[in-house]
Amino acid sequence: MTQTAILFADNDRDFIETWAEFLQNEGYRVIAAFSPAEARSKLGQEHVDAAVIDIRLVNDDDEKDNTGIELAKEICRSVPVLLLTGYPSVEYARQVLKPQLDGLPIAYDFIAKQEGPEAMLTTIKRTLDLAKHRDFSKRPAEKSIYRRKLRLFFSRALTAVFVTFPRTIGRFILEIGGRQPSDPTATLFGYVIVVFVILVLLGVRVNTVIGWFVNVWRFFFPQ
Amino acid sequence: MMANFLLITNTSQTGWLSSFVKTLAPLGNVQAATEKNANEEFLKRPYELVIIDAATVEEPVSLAQKFYKLKPDVRVAVMTTIPTWREARDILRAGVVDYFPRTLSGQELLVTIRTILQEEINQ
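Protein chains in written order, with the working numbering: chain A, 1 to 223; chain B, 224 to 346.
In short, the hints are calculated from the structure, not lab data. Hints are not guaranteed to be accurate.
[As the list claims (entries may be wrong)] Restraint-style ranges between C-beta atoms, simulated for each label pair:
id: 1; chain 1: A; residue 1: Phe15; chain 2: B; residue 2: Gly238; range: 21 to 31 angstroms
id: 2; chain 1: A; residue 1: Phe154; chain 2: B; residue 2: Thr237; range: 38 to 48 angstroms
id: 3; chain 1: B; residue 1: Asn227; chain 2: A; residue 2: Asp183; range: 19 to 29 angstroms
id: 4; chain 1: B; residue 1: Pro295; chain 2: A; residue 2: Phe154; range: 16 to 26 angstroms
id: 5; chain 1: A; residue 1: Ile173; chain 2: B; residue 2: Lys259; range: 31 to 41 angstroms
id: 6; chain 1: A; residue 1: Asp61; chain 2: B; residue 2: Lys259; range: 47 to 57 angstroms
id: 7; chain 1: B; residue 1: Pro324; chain 2: A; residue 2: Lys64; range: 19 to 29 angstroms
A virtual CB, placed ideally from N, CA and C, is assigned to each residue, including glycine.
With these hints in hand, go ahead and build the complete structure from the sequences.
Shown next as structure tokens:
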């Protein structure tokens with residue numbers, strides 16, 4: 001039977017060696033990588049069932065080092081990722097487990113080095129198990145993503161046509177006249193302009209349209 | 224478009240509650256419910272976001288899971304008084320879209336919720 005291959009990426013050689021030994025004893029094949037570049041290269045060469053990646057993959061002392069997260073973002077749609085850190089924080093948990101723009105998180109799970117080997121093993125097993133139910137060639141949330149994109153497209157199109165466009169025109173013309181209109185005023189004025197243009201394009205004479213507008217104005221504001 | 228929010232809280236701090244509702248007013252309407260009548264309120268109408276107040280709700284994860292069972296497309300966020308990374312992990316593992324402190328300022332809360340709604344639209 002083929003062994004389950006785990007890519008283990010961490011810049012600390014001693015740490016990886018200890019973990020590799022532990023995981024090998026548990027029946028896994030460990031592919032070690034000591035840098036993001038090495039991890040990418042190994043992922044290109046070998047089949048990997050899951051990747052365990054340290055968040056600070058270049059410099060443990062640099063709290064801005066997010067190279068592990070960057071690497072996870074690149075590969076997480078093709079390999080199940082488990083992110084590891086010696087500096088667990090709420091912010092890290094949010095970054096890696098919050099759903100991203102395609103509705104899925106970067107990592108299947110997040111674990112602190114301090115939690116020890118048993119927690120690591122349980123988390124790896126859980127990740128592999130969860131990954132079995134995910135088809136990496138087709139995201140499970142795809143259908144709902146398309147539905148949402150379609151909804152977004154229509155809502156943006158409607159907003160652009162019925163709100164943004166008349167408001168921009170109204171604002172533009174009123175600002176030329178030296179006024180600073182509020183949004184509703186600009187939108188209303190924009191509508192007036194749009195109706196005016198449509199009527200002129202439909203062949204109604206400009207003077208007639210202006211006459212109509214003046215009459216409507218007088219009707220609402222007799223003074 | 225105005226959103227509908229459902230806030231699940233057992234709080235008795237009416238001042239906090241009304242300030243929360245007021246803060247989110249530019250984004251939409253907030254309907255508050257207690258843990259007890261959460262299901263009933265949840266099923267009444269579609270909500271863009273359900274916010275669970277983990278400071279007063281005993282089992283936020285199981286409550287979120289209950290909502291996901293009832294409506295798999297629903298988005299749930301959790302706020303808490305003292306955020307911890309372990310709780311963040313447990314909650315986010317359950318599929319919750321965000322986990323944030325209850326102590327955010329009005330502006331920060333607005334930004335956080337707006338971001339969640341924006342992410343929802345982008346998906």
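Against the structure shown, which of the earlier numbered hints fail to hold, in ascending order?
Violated hints (numbers, rising): 1 and 5; every other hint is consistent with the structure.
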